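**Q** Residue numbers (this note's numbering), protein chains in the order written: chain R, 3 to 321; chain H, 11 to 335; chain Z, 680 to 1002; chain Y, 1095 to 1414; chain U, 299 to 845.
Derived from the structure by calculation, the hints contain no laboratory data. Accuracy of the hints is not assured; some may be wrong.
Claimed, not checked - Think about it this way: if two alpha-carbon atoms lie no more than 35 Å apart in a straight line, the pair counts; the simulated DSBU-like pairs of lysine-lysine are:
id, chain 1, residue 1, chain 2, residue 2
1, R, K50, H, K294
2, H, K157, Z, K981
3, H, K303, Z, K691
4, Z, K821, Z, K755
5, U, K712, U, K383
6, H, K303, Z, K755
7, Y, K1179, U, K456
8, U, K703, U, K657
9, Y, K1179, R, K45
10, H, K157, Y, K1122
11, U, K373, R, K117
12, Z, K691, Z, K769
13, Z, K809, Z, K821
14, Y, K1179, H, K157
15, Y, K1217, R, K40
16, R, K229, Z, K921
17, Z, K764, Z, K821
18, U, K568, U, K556
19, U, K668, U, K712
20, U, K485, U, K568
21, Z, K921, H, K277
22, U, K556, U, K606
23, U, K730, U, K492
24, Z, K698, H, K277
25, H, K277, R, K40
26, U, K442, Y, K1122
27, H, K214, H, K255
28, Y, K1168, U, K681
29, R, K285, R, K91
30, H, K142, Y, K1329
31, H, K212, H, K277
32, R, K217, Z, K719
33, U, K787, U, K383
34, Z, K826, H, K303
35, H, K142, H, K212
36, U, K606, U, K456
In this text, all values refer to a predicted model and were calculated from it rather than measured experimentally.
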Amino acid sequence: MTEKSMKNKTENKAPNKNNNLDNKDAKEEEQVILTPWKLVKRKFKKNKVAVTGMIIFIIMVLLALLAPVLTPYDPYAMDFSQVNQAPSKTHLLGTDELGRDYLTRILYGGRVSMKVGLFAVIIEILIGALVGGLAGYYGGWVDNLLMRIVEIFMAFPFLPIAITISAVIGPEVAPEKRMYIMMFIIGLLSWGGLARMIRGQILSLREQEFIQAAKALGIRDSRIIWKHLIPNTLGYIIVSATLGMAGAIMSEAGLSFLGLGVTPPVPTWGNLVQNARDIYVLKNRVWLWLPPGVAIFFAVMSINLFGDGLRDAIDPKSK
Amino acid sequence: MGNLLEVQDLKTYFYTDDGVVKAVDGVNFSVEAGKTIGIVGESGCGKSITAMSILRLIPDPPGRIVSGKIMFNGEDLTKVSDEQIRHIRGNDISMIFQEPMTSLNPVFTVGFQIMEALMLHQNLDESEAKNKAIEMLKLVGIPRAEKIVDEYPHQLSGGMRQRVMIAMAVSCQPKLLIADEPTTALDVTIQAQILELMNDLKSKLNTSIMLITHDLGVVAEMSDHVVVMYSGKIVEDAPVDELFKNPRHPYTIGLMNSIPSLIEEGKRLESISGSVPNPLYLPKGCYFHPRCKFATDECRKGQPSLREIAPGHKVSCFRAEEVTK
Amino acid sequence: MSEVILEAQNLKKYFPIYKGAFRRRVGDVKAVDGVSLYIKEGETLGLVGESGCGKSTTGRTILRLLDATEGTVTYKGQDVLNASKDEMKKLRREMQIVFQDPYSSLNPRMTVSEIVGESLVEHGIYKKGKELDDYVVEVITKCGLAKYHINRYPHEFSGGQRQRIGIARALALNPSFIVADEPVSALDVSIQSQVINLLNDLQHERKISYLFISHDLGVVKYISHRIGVMYLGTLVELADKKSLFDNPKHPYTQALLSAIPVPDPTKKINRIILKGDIPSPANPPSGCKFHTRCMYAKDICKEQAPEFRNLGGEHFVACHFAK
Amino acid sequence: MLKYILRRLLHMIPVILIISIVIFGIVKMAPGDPVGTNLDPKATAEQRAAERARLGLDKPLPVQYWNWLTRSVKGDFGDSYIYKKPVSDVVPNFIWNSFLLNIVDFILAFLISIPIGIICAVKQYSKTDNFWTVFSIIGISMPSFFFGLLLIYIFSVKLNAFPINGMVTPGKNAAGWAHIKDVMHHIFLPALVLVIGSMASLVRYTRTSMLEVINQDYIRTARSKGLSEKVVIYKHAFRNALIPIMTIIGFWIPGLFSGAVILETTFVWPGIGNVMMDAISARDYNLIMALNMFFALLTLLGNLLADIGYALVDPRIKVE
Amino acid sequence: GCGDKNEAPAGTEGEGKVEEKEASNNPARSRDGAADTLVVGTHEAKGDFLPGYSSEVYDSYVADLVFDGLFGNDKEGNPTPSVAKDWEISEDHKTYTFHLRDDVKYTDGETLTAEDVKFTYEFLADPTYDGPRSSYAMNLVGYKEYNEGDAKELAGVKVIDDYTVAFEFQEALATNIWDCGMGILPKHIYDFEKGDTASLKQKMSDPIGSGPYILKKFEPKQYVEFEANPNYFLGAPKVSHLIMKFTTVETQMSELEKGTIDVQLRVPPKTENKEIIDGTGFININEYPDNGYSYMGWNLRDPRLADKRVRQALTYGFNRQQFVDVYYGGNAQVCNVPVSQVSWAYTTDINEYPYDPDKAIALLEEAGWKPGADGIREKDGMKLSFVWDTYTDSKYVESLIPMLKADWEKIGVKVEPNLMEFGALSEKVYDKQEFDMYNMAWSLSIDPDAFELFHSSMAVPGGFNAVGFINEENDKLLEAGRKEFDQNKRAEIYQEWCQLMNEELPYMFLTQNLSWDAINERVQNFDTSPFQDWTSRDVLLNVELAQ
Ligand SMILES: Nc1ncnc2c1ncn2[C@@H]1O[C@H](COP(=O)(O)OP(=O)(O)OP(=O)(O)O)[C@@H](O)[C@H]1O
Ligand SMILES: Nc1ncnc2c1ncn2[C@@H]1O[C@H](COP(=O)(O)OP(=O)(O)OP(=O)(O)O)[C@@H](O)[C@H]1O
Ligand SMILES: [Mg+2]
Ligand SMILES: [Mg+2]
Ligand code: NI
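With the rest of the complex left out, here is chain R (with noise of 0.2 Å):
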């Protein structure tokens, strides 16, 4: 057999695979170059189920950023005579018992959702970097104490303790700003987690050679941390925040369901939802309760979509 038809023979059993084989030869060279970033970015690209989730999620923020441009009604305004609405051309979704358009307060109650859910887990990953960076880069009796921490508000229960402060400290605050309170306490009962990763992320890099190199070259140690440290446990951080945020906002639906969470007047998914707790409104209106669950559901699967192909394609073990 000559060289070529074995070529051919091969082409054929995989045929649109390997035809660039041969015009692509060697030149190592001309490949593109990537930086790190770059490559994470085409890995993340090429996972199709990812990217629709980051799609979809861009789509639900842009809805809640663009609310007010979006529609022409206040999520407040109420409007006695287009009461309990069945969903119409003047509203899409619908109105609630007040005559405030359903649509809007989803517009709106999604922006409330997704903020707590943002500040939620930024609240998280600061005291989880610090404390985990911490533990991570001094040892010792400093790892020793916070790991001790971090194992006691893990041992937390998470919801029913959720429950408590919320009813504890809720009640001398003004529904507008008990959603700052939520997200005090989803970030604060959530850090641990995070803070271990970190701290075994910052345990492996710091035996890490280029570690040591480092201080072999007279490097500050506020440099190694913030050159060499931190920007190599970005990507791990980067993928707890966006799986995190969809755990903050499925955290503060259920909070608010239970109506312990973020309070009418100030809509949320998750009290939106709460109206169908009424029977009455599970089988008459139910425009009154399945949007703002099927909102949740896609702006918490889209996070989770989103947020797996990013650690995918961060994951140097990941093909």
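Fit chains H, Z, Y and U with the ligands to the supplied structure of chain R, relying on the hints for placement.
**A** Using the frame of chain R, we list chains H, Z, Y and U with the ligands on its own:
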């Protein structure tokens, strides 16, 4: 022919998202009964994949044996049923892997892991198998075998684990033992112990050994015949003495010249410039030409095929005759 | 010969082992347990030994990347282990390290120019800018890389190229002493020689001293002037290369040398096969640490640790019976 | 092993103490006076003060904490304001109802999810795998209350196939099989929500850890011995995949009970989650503290169980 | 009265017989054992089933089914004989002597005697008693001595013979008689050492009394099951099995529809609920006005609200009718006085305060409140900007908030709701008395006396006059009202008082609700009315299940 195993034009490709990796690309060689064949080459040149193709252990997807024959005992292993190949694995052909630390299942005792193959292939019952396992452990020189048999891999040192791997591999007295870099992860003094053991077993059990390594020293010491691989192809194939005395492929020569212990004191090491090509972007023509001092236009265009230049000595190079140490 | 630039005396490094919730210290890993050596200007001291015997720890303790438990290190007359922060920063320019793993030793999020140039900025030798870039280019070309590599990230290089970046990083500060911690063991043979040649060339050009750590005796033999053999945290033999290879005095050295497979099928050597495994450094044997595997061991070996003696001609051995 | 468990239990004590301080602190931060809600509205200020004194509410916080702690250790968590009974009498009534729901979930989820997870890992990217991957992502992203409402809407309101709330038909007083059927009829929807939620995460988790294990060297070793694929997967791979799955059990057990707060509220299931909500809205301090301690203890116990599980399945973990 | 959330209006009074409708698809009829079992849906009872401990009305139902008091009351709210055949009141209106029937037996066979009555009141006066009914004993002679001192007996309750008992009060008040009506506990079962109510509390969830029903089973959070007492002294009830099933506002409608309950008490009077009920075709509504009202209390100590004109302006400025229309779908009434329209003390001769923003603005202007830069009215550096403390988890509040905010904004008044849990609100309002305004509701007792709520002596921390209403005329009228024993004269006094309150507006009166009991057509004679709830013997003993 006394050939126990004959690999003919074996091609194993990996279909990845980035393209096709021709990990093994038309490999021909044979193993004689009772002899040791050494396979050397740089990391990623396809040694392990060749070995795993023989036992059909290629992860599929993404890998696939695209073509070729693997004749063993008159049967083509690429064609036999899954049931048949399972019967051959561990029984007629067994394998020792590179990493003794990760190749044993951490949750089972080493004894059990040896017994498993025995109970499967030799129809021994549990107590018989256990006795046999202890016997095998003693054979590979493990002290206190009666006790070790009930221990878990993590309780053993690297050398001990590799011995266990060997005991497991030889327990059914295979006709062919494939050893994929069995000592790379071990220290010199331990490596010496293992090599000694393998030689010992070979003479006792009369198995053929296919020894994969990148250490020319180990090859020189252990093998009867050597195959040199580069980028999924065989570049040179010769009896061991012949190869070391009279290497003909520029790659083999370069390899030998870059080993410090083969170099005269104070002399500069010769090195092969450049690095192993990315299997996704293989050069046109002879895969070695970008690093080859002897490359001509011919090498850049066409791929040389493996040809016999002396009895038993095959080289895949257009200019083999002109090339010398 | 030339003068001694670095000397370590009775260097010890113990890693404490903690256990339980209250992290009680239950023992120590005696990674380095009384090592004494010196290195002369422009000389390569090879350090061999089996995995876990403390080679890397010795190297890092000398550079004060780890805090020594005991002992002294003097570099050009200066006490390294007790140097102040500022003094240490100056010393860092003199003493550098090259690592084994070409993958984990480079920060994946920094370009070559950042990796190589970082220390120059930190030490105030150059400011960021054209001059720095020129210098970095100079260094990397010296190490066999090209100018266009300067803005690439480590993952775009092969193992050998990465190792060159690592060397360039160490070289940028123009040090006179480099600890090379297994710089070639992760590389394929054909690449190995490129790096060894580079290290050799640099030494001749700049009179750099190396502490060259490896477990490949062939490489050590090729590159070193003198060789130390370590076993379980202690040096068992230290001698001139020729003297060590031709006339090994310690039974461990003898076994080690005989264990190396020689890439020559015609030479069949008579092996000394050691029995057993290396004991754990957390629980080393009493007396002579090698006695558990030594074929010549006598009662005294179990009880008394042998002295690290000079048998003459700078050939040091730690064995009761060596002559 | 016993010693190990004992030691772990001992280690839990300081953690529990700190958690108890935190919980006590949180609850005591609460405005509202339990005395106010319980006494006759016409009670005089002195009567209120006397009642406060009787309950020990006039003492400084550390003293109150100490008293609460010492009594709690003896199993006396004080009286519930809602039920006007010792908390220790109230809680057991409901724990079993929650437990029933959770045990159904636990058994079903485990029985179904693990095999599915394994199959998905073995046949990665197959149709089955894709189906369950989609199922998982949906299950994980679906808030339990919303899913519960959907089920109620479809099955109870529209199809009238299942009751919307409660656990038994009152007054039926059925015994034996009829009773079981009655309970099963009621438990179906809430259990479905729980099971699907648990399955979603468990399938995913099993799949991931199986995938990780399947690519390990020792699996290749097992295959090279000629073992059948079934033995390789279910014996060699699964035993190893079980190790990370143990962690999820640790999170799961407490998660089950505390997650039930939302679910039980949605389905008006007479369990402790429901009681927790009542306790919160009635400011039933003693009950809130006891329940929180119960949940915290469950969390710790879950961790302990996970660790014991680890020790059981992973011989690398030294038990002494 | 006591602080009560709004969703659960208290009530009694019948609108007449349930219409007889025949519906073939009535699922309640085909329920297992439906023939002799009545299932009444109520809010959850917690298990405090002893008369002295049941703090919520749902627990009281159980206590009322199991225990008997000395007397009951008729539809008009007048006491009627029960365990007591008759009674006489002393000249000075301080001593009430009751003659007991001798045929009242507890369900364990023992006879009810005067000792049991005495025991019941000593229990309420016990120093360790921590239930919500101590006020029943508080006005009796010797209460202090027994409760705080070491008196062996409660002097105010005298056993004259086995079947005669006398109550002696410290003060002569028209309301005293109601204090004598506590459900009677059998001493032989509940007896305890003075100072040890704990032992009695243990028996709280399995009560034994003399009432028409015997408690069979209590499943917490699920239901309470009863069986008729065949030996009941007023005759055995006609329905032999009774179940109180716990429902929630969310689920009750569906349960009614599905026939899993026959009766649902206190269905919120909303159009949606009416729609469902009418939709079934087999459920009727028994509608009657609630004996209570909801209101917004404002802190009269606050100089801004101390001005009557401001209070009136705020009342004019809120469209209460619209709120009634939107929230209740018209099934409630705007109220303007602190007395229920079912009471004999009610009067219609009052200012209605219809929604009139112009008038509100005029009043505010008159009072000197001028719009500020931000549109909020201000005067002397003060702004008409209030924090309104209210409670969470209530649709009522959720609807009220936006409407009130919007209406008041139009007259230049800002209000910020501050939601808190109900217990916290109570503490803030009654104990701390720190608030601008708050909203709550009262459910009233049969007697219109509101001394506790509005007398100036109650404007102390912990007192119910939390708004700090201090008005001499008011005090005079309230004192006169409770000391007057002539019904007509009392009515006059209270009507005058109503007008005063209507003018002064110590509260912004919001609504008086309707009570709806939803009743399956198969249940007959379930004739609840404002003063007679379903446990009232007149109602209960006549309820029948149609076959
Ligand atoms: N699962 C896989 N997917 C894609 N490519 C693979 C896979 N496994 C192996 N390869 C590629 O196949 C080629 C040959 O690999 P192989 O493991 O045979 O090398 P080797 O000669 O054994 O190297 P080493 O000395 O490092 O063990 C390599 O280029 C590798 O990248
Ligand atoms: N940070 C550490 N903490 C605890 N023990 C350590 C630490 N670093 C090294 N050791 C232990 O010290 C001993 C010596 O380690 P070292 O890395 O110096 O060995 P080595 O000779 O370089 O081995 P190798 O050839 O594998 O690189 C080993 O037993 C190791 O486990
Ligand atoms: Mg390999
Ligand atoms: Mg090392
Ligand atoms: Ni051909």
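**Q** Hint by hint, say whether it matches the structure.
**A** Hints versus structure:
no. : hint             : verdict
1   : R:K50 - H:K294   : holds (34 Å)
2   : H:K157 - Z:K981  : holds (26 Å)
3   : H:K303 - Z:K691  : violated (49 Å)
4   : Z:K821 - Z:K755  : holds (27 Å)
5   : U:K712 - U:K383  : violated (58 Å)
6   : H:K303 - Z:K755  : violated (45 Å)
7   : Y:K1179 - U:K456 : holds (32 Å)
8   : U:K703 - U:K657  : holds (18 Å)
9   : Y:K1179 - R:K45  : violated (61 Å)
10  : H:K157 - Y:K1122 : violated (60 Å)
11  : U:K373 - R:K117  : violated (56 Å)
12  : Z:K691 - Z:K769  : holds (24 Å)
13  : Z:K809 - Z:K821  : holds (18 Å)
14  : Y:K1179 - H:K157 : violated (60 Å)
15  : Y:K1217 - R:K40  : holds (31 Å)
16  : R:K229 - Z:K921  : violated (46 Å)
17  : Z:K764 - Z:K821  : holds (31 Å)
18  : U:K568 - U:K556  : holds (20 Å)
19  : U:K668 - U:K712  : holds (13 Å)
20  : U:K485 - U:K568  : violated (45 Å)
21  : Z:K921 - H:K277  : holds (16 Å)
22  : U:K556 - U:K606  : violated (52 Å)
23  : U:K730 - U:K492  : holds (33 Å)
24  : Z:K698 - H:K277  : violated (52 Å)
25  : H:K277 - R:K40   : violated (45 Å)
26  : U:K442 - Y:K1122 : holds (32 Å)
27  : H:K214 - H:K255  : holds (30 Å)
28  : Y:K1168 - U:K681 : violated (56 Å)
29  : R:K285 - R:K91   : holds (22 Å)
30  : H:K142 - Y:K1329 : holds (22 Å)
31  : H:K212 - H:K277  : violated (38 Å)
32  : R:K217 - Z:K719  : holds (24 Å)
33  : U:K787 - U:K383  : holds (28 Å)
34  : Z:K826 - H:K303  : holds (24 Å)
35  : H:K142 - H:K212  : holds (19 Å)
36  : U:K606 - U:K456  : violated (49 Å)
The structure fails hints 3, 5, 6, 9, 10, 11, 14, 16, 20, 22, 24, 25, 28, 31 and 36 (numbered hints given earlier, in ascending order).
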